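Student: Counting from 1, one number per residue, gives the positions in the sequence shown under UniProt numbering.
It should be emphasised that the hints constitute simulated quantities derived from the structure, not laboratory data. Since the structure is predicted, the reported quantities are computational estimates derived from the model, not experimental observations. Each residue gets a CB set at the ideal place from its N, CA and C atoms; glycine is no exception. One or more of the hints may lead you astray.
Stated by the list, open to error - Derived DSS-like pairs (lysine-lysine); straight-line CA-CA distance at most 30 angstroms:
#1 Lys136 x Lys107
#2 Lys38 x Lys107
#3 Lys136 x Lys146
#4 Lys139 x Lys78
#5 Lys136 x Lys78
#6 Lys107 x Lys78
#7 Lys107 x Lys139
#8 Lys78 x Lys146
#9 Lys146 x Lys107
#10 Lys146 x Lys38
#11 Lys78 x Lys38
To be verified - Per label pair, the in silico range of CB-to-CB distance:
#12 Thr43 x Cys144: 16 to 22 angstroms
#13 Arg51 x Asp90: 29 to 35 angstroms
#14 Ser93 x Gly130: 19 to 25 angstroms
#15 Cys144 x Ala121: 44 to 50 angstroms
#16 Thr40 x Arg73: 25 to 31 angstroms
#17 Ala79 x Arg51: 26 to 32 angstroms
#18 Gly137 x Arg41: 19 to 25 angstroms
#19 Arg145 x Arg51: 35 to 41 angstroms
#20 Thr97 x His70: 27 to 33 angstroms
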Amino acid sequence: MSHPSHILWGVTVMAVLGLGAFYAFSGKSLLPPAPACKVTRVTDGDTLYLRCNDFEGPVRLLDFDTPETHYARCPAEKALGDIATGFLRDRLSAAQTLHPTFEGQDKYGRQLVRLNLDGEALADIMIEAGLAVPYKGGKRINWCRKLEN
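Whole structure, please, built from the sequences with the hints as guidance.
Tutor: Laid out in C-alpha cells, this is it:
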C-alpha cells in the first residue's frame with residue numbers, strides 16, 4: 001500500500017500537469033496581463049508616446065539605439081533615422097499585440113520600456129532590419145562615422 005504522502009504528491013503533480021495542459025491548449029497565459037496600451041505618437045526610431053491604463057507620456061525604448069532625426073550630426077544619420085522612424089511606425093500599426101515592460105525613467109523623465117510586438121522583441125526587429133544597434137545605456141555610437149564605412 002502506498003504511503004499517504006506519495007498519493008498526495010501524485011495528485012499534486014497531476015493537478016499541475018492538468019492545469020498546464022489546460023492553459024497550453026486554451027491559448028490563455030499564466031502570466032499577468034500586460035497593460036492595455038496604444039501608441040499615440042512616434043517621435044523617432046527609439047522614442048514614442050504611449051497611452052496605457054495608468055500612464056500616458058513619452059517612452060524611450062530599451063535595448064537598441066537608432067540614428068537621430070531631430071539632432072542628426074550628418075545627412076546620412078538623418079536619412080537612416082527617418083527610415084528607422086517610418087519602419088517603426090509601420091511595424092507598430094501592423095502589430096496585433098503590444099506588450100510593454102516598464103523599467104523606470106531616464107534622465108529626461110521618459111519611461112524606459114522594453115517592448116514586444118506579437119511576441120517578438122522590438123529591439124531584435126529593429127537590429128535585424130539594420131536600422132538600430134544594440135544599446136544598454138551609456139555612450140551612444142557615432143552614427144555618422146558608422147555610416148561612412
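Student: Of the hints given before, which are not true for this structure?
Tutor: 10, 13 and 15
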